[in-house]
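Top to bottom, those sequences are chains A and B.
Start counting the first sequence at 1; every next residue gets the next number (my numbering).
Start counting the second sequence at 1; every next residue gets the next number (my numbering).
Note that these hints are calculated values from the structure, not bench results.
Each hint should be verified, as a subset may be incorrect.
In this list, chains with the same sequence are indistinguishable; a pair is considered to hold if it fits within one copy or across any two.
[As the list claims (entries may be wrong)] When the alpha-carbon atoms are kept at most 30 Å apart in a straight line, the in silico DSS-like pairs for lysine-lysine are as follows:
#1 Lys106 <-> Lys452
#2 Lys216 <-> Lys260
#3 Lys64 <-> Lys400
#4 Lys361 <-> Lys400
#5 Lys137 <-> Lys216
#6 Lys64 <-> Lys216
#7 Lys366 <-> Lys137
#8 Lys321 <-> Lys397
#9 Lys260 <-> Lys145
#10 Lys366 <-> Lys321
There are 2 protein chains.
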Amino acid sequence: MYRSHTCGSLRLTDAGQRVLLSGWVQVSRDLGGLTFVDLRDRYGITQLVFNMDTRPELCARARKLGREYVIRVEGVVRERTSKNPNRPTGDIEIDVDLLDVLNASKVPPFTIEADTDGGDDLRMKYRYLDLRREPVKRNLLFRGKLTLETRHYLDGQGFVEIETPFLIKSTPEGARDFVVPSRLNPGEFYALPQSPQTFKQILMVAGMDRYFQIVKCFRDEDLRADRQPEFTQIDCEMAFVSREDILRTFEGLTRHLFLKLLGIGLPEFPRMSYDEAMQRYGSDKPDLRFEMTIGDIGHLARGQGFPVFDQAGLVAGICAKGIADRYSNKDLNELTDWVRRPQIGAGGLVYVRFNEDGTIKSSVGKYFTDEQLRQWGTVFEAGPGDLLLVLSGEEEKTRKQLGELRLEMGRRLGLIQPGIFRPLWVLDFPLLEWDEESGRFFAMHHPFTSPKPEDVGLMDSTDREVLRRLRADAYDLVINGTEIGGGSIRIHDRALQSRNFSLLGFSTEEAEAQFGFLLGAFEYGAPPHGGIAFGLDRLCAVMNGQNNIRDFIAFPKNNTGRDMMIDAPSPIADAQWEELGLAPLPPRN
Amino acid sequence: MYRSHTCGSLRLTDAGQRVLLSGWVQVSRDLGGLTFVDLRDRYGITQLVFNMDTRPELCARARKLGREYVIRVEGVVRERTSKNPNRPTGDIEIDVDLLDVLNASKVPPFTIEADTDGGDDLRMKYRYLDLRREPVKRNLLFRGKLTLETRHYLDGQGFVEIETPFLIKSTPEGARDFVVPSRLNPGEFYALPQSPQTFKQILMVAGMDRYFQIVKCFRDEDLRADRQPEFTQIDCEMAFVSREDILRTFEGLTRHLFLKLLGIGLPEFPRMSYDEAMQRYGSDKPDLRFEMTIGDIGHLARGQGFPVFDQAGLVAGICAKGIADRYSNKDLNELTDWVRRPQIGAGGLVYVRFNEDGTIKSSVGKYFTDEQLRQWGTVFEAGPGDLLLVLSGEEEKTRKQLGELRLEMGRRLGLIQPGIFRPLWVLDFPLLEWDEESGRFFAMHHPFTSPKPEDVGLMDSTDREVLRRLRADAYDLVINGTEIGGGSIRIHDRALQSRNFSLLGFSTEEAEAQFGFLLGAFEYGAPPHGGIAFGLDRLCAVMNGQNNIRDFIAFPKNNTGRDMMIDAPSPIADAQWEELGLAPLPPRN
């Protein structure tokens, strides 16, 4: 037997009890007569005491224990003289009379503390040590609890978890697939799913009514810090529902999770159209933790002889309250450099300073009268002490730049409070996105998304501008400026689906070859249906106010898609190449 | 809005209520004045009535509804004149006054009934129709409930669900891997996991203490009826435990599942050593639903001048009670042919018939006296009316043949009752299996399995016979002759693991290249640990008294590893070959 209790369970009420504990040596302190050892396991830390006077031989052995040794001790629980109020077990210690070393440990390459001295690569290579650190461990426990609560909730709503296959079919649409060569069918490949999309729709056609799955998905993309080649989705689909049913159900799930995991009761989620989000926040995932919305001043700023504005598709700005006097020219020059960075790409930055003393100072003062500049201010209800920041240029680009500037100012002015959560639904996304490069439309959500009923008529148009205005019955759940989930009402009519494929440039043959099984299924009684998918990794990160999803994945990959611990990917044996009927691509001449 | 109720929810107490239902047309019956439609959804079937006299136009439309049409109806619940006691909704019907056809349906290629006329291939191609059939639907709901109950139970036991990666490293050991070419690392491959074995051990080293995961695993094998290239495991691992802790925990899980899903309370599971199982049942997964155990009669049968027995390593048999008179010579000849089939491979079958009248008839009567044959009978406590069936030959082969013969007789004599469950733990498997072909040892369980503490010493032997006798601290859970789960106490000591690798013919370099990360982890405080994995697909099948796991998988693959519905695997675009740096293997000259 290895333990009667865990290292987190003993309290003062257990004093006098004989116990058996096992765990890791967090730290040991040798105070001459006494040696103290902090024993750690998943559940907590308990202090062990070895007494040199009463048990010299035992104490001598205890002194030799290194960090991260695995030991098993027997002893008696007793009240501590100097208590540790920061620890649930801080009132007691174990007077040890028996010690077994279960396994030794080399000196870890980095300290197993909340704040480690280990660099990213080292932490990934020795992930089993990194996972012993309290914050990383807490993240994994949080994730486990979140998935459990998700299942409780969805089960209560009549959803059934159904596993969909991982070895499926490759489709050029969307991101790049990971593929799996088939040995039994030489020259053919499976693909790993980017999402179970078509299968969950098939399950609706199959009459399963309410499906969900917490499932791994795969995308062979060039990785960014917040991207992983494999990631996890809370994937859901419902039949016989309208958009309203879906929003209500998954707003309910989100509220349940915040309540159960964070003890936070969220109010009803506001809703905003894609157009409004772009207008007021310059983003389809607005961060509502602070205002500072975008105001359009084109009607006031154009035609006054300032060529930059006169030629601009959009002249708009944001108003930073009460910093006019505090924000120096140096700050403004620095900010101008910031908006000029290629990542933002603005030509320049115009400011209007409404000083506390009522005077006005602006970088375009020689083109506009104070009266005109005051007019601009009214758009933002700007008063004395406020600072106006204005960008101009091509409409779409400039809105995004203003969105970025708004977030940057929010950060710089400390307007973003930690522990605050501002969820919202963004609705009515465009159905199609025009891609200049390939000269064709792409599905903004995916090819199975239904247009809004009132827009279906527009699908027959051949006018690109009309098609651009087509709105999808799609929705995103956004929290604190991060997209947590997205979904849509699906097309369930074969003719409409075919029409959508042709708008996306699929030939009838291509559509049939790739999605024939779905089109076929639509001919055998497909019900109206729709769904949503949450990004589990990101949801965990946002709920914990963190940016890096890696800290919520037990064994993440680095930016080159490599698992540093097991060192994968790796070469395979020649026999494996042979069996798969594969060879390396011969170099081009 | 599509529905106020489901097709399974309305009762007599709802009579008079106005309701809205949506679903599929199961069948419609036109009785002239009235047209009856059975409306089906996941939750049940409700009868709709259309009245020709009161609503001729509506009724005329109802008559045109085909099977599997998706419709939405409004009407009033009323008591049925001719009730259907076999249906929860059988007391009521809906007097329909409003009908919308939401989607039409072609005539299905097979009937959507419990007993369908659809062949296997057709059912797989149109899986979305097959899944509408009550028995298949019930299987998926059962599976969903089972996974949910599994998570409830394990959560209650302090287990945390942690996701392990799917893109890992290929290892030659064990079955064949599916591999995934890496675009970012040309010429290198990931492998899909055959199980999360090494990762769950790493999680124990990481201090997660109790891990579980319901997870897909992959094996690129030549498929048999009961094998799938992707299958699901309930995968578990615990730290600081002995075998006893693990058996108790997962016997508890199994009992919980049988109680929650089948309402069956299982008694404590018996335990049997591998040796005893082979001795008495000729199998390491004995079916305990009937006795008829194997008895050894070599000491009585040898040396009596019957050469076949004299040269045999084993002479043993089974005793079929009370069928001596009923089992004809014709039956015995037929049975002899059966044991001679290559799948069984016995040379012949010897019988001894203890007739009701006390006389004895045997196929070896001229070699043995009645007295001697009676002596054989005593081994089986055979009495008048019993039939002895004896096989002889090389020990191991003959035991397995007797095991097969026992099962066959159990089936033929109808000794296997449906709805009976006889679980047991099989313990103390051999650690190593000698493979004549490759002239080396293989791990019977896997290379990380610990030998029993008392056998560790034997690992230093170089004598093959001694090593063969090495017992592993491994265990299988067997129910009704099917292996449901298996696991072991793991090695957590680097030196012992290295020793085991070398017994398995790994060079130090190979061991380091493939499992260096695990060996490394063992040097940083690895705790004692062990675990188990259940085959989810098979568990579902056994609990439902079925053999084919496919019926419990939403989208299974056929025997060539093909998904008939989406038609995968399939060729990929030349651009994909290019990007992956792959080419087809040029044909050999």
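To see whether the hints hold, each was checked on the structure:
Within a single copy, lysine 106 and lysine 452 get their C-alpha atoms only as close as 63 Å, which misses the 30 Å cut-off; across copies the closest is 27 Å, which meets it. In this assembly of identical chains, the alpha carbons of lysine 216 and lysine 260 lie at most 30 Å apart whether taken from the same copy (24 Å) or from different copies (28 Å). In this homomeric assembly, lysine 64 and lysine 400 never come within 30 Å of each other (Cα to Cα): the closest approach is 61 Å inside a single copy and 55 Å across copies. In this assembly of identical chains, lysine 361 and lysine 400 lie within 30 Å of each other by CA distance solely inside one copy; the values are 26 Å within and 96 Å between copies.
In this homomeric assembly, lysine 137 and lysine 216 come within 30 Å of each other (Cα to Cα) both inside a single copy, at 21 Å, and across copies, at 24 Å. Proximity of lysine 64 to lysine 216 under the C-alpha cut-off of 30 Å is found in neither arrangement, the shortest distances being 45 Å within a copy and 44 Å between copies. In this assembly of identical chains, lysine 366 and lysine 137 lie within 30 Å of each other by CA distance neither inside one copy nor across copies; the values are 60 Å within and 76 Å between. Taking the closest pair of Cα atoms, lysine 321 and lysine 397 come within 30 Å of each other only inside a single copy of the chain (25 Å); across copies the shortest separation is 88 Å, beyond that limit.
Within a single copy, lysine 260 and lysine 145 get their C-alpha atoms as close as 9 Å, and across copies as close as 22 Å, so both meet the 30 Å cut-off. In this assembly of identical chains, the alpha carbons of lysine 366 and lysine 321 lie at most 30 Å apart only when taken from the same copy (24 Å versus 113 Å across copies).
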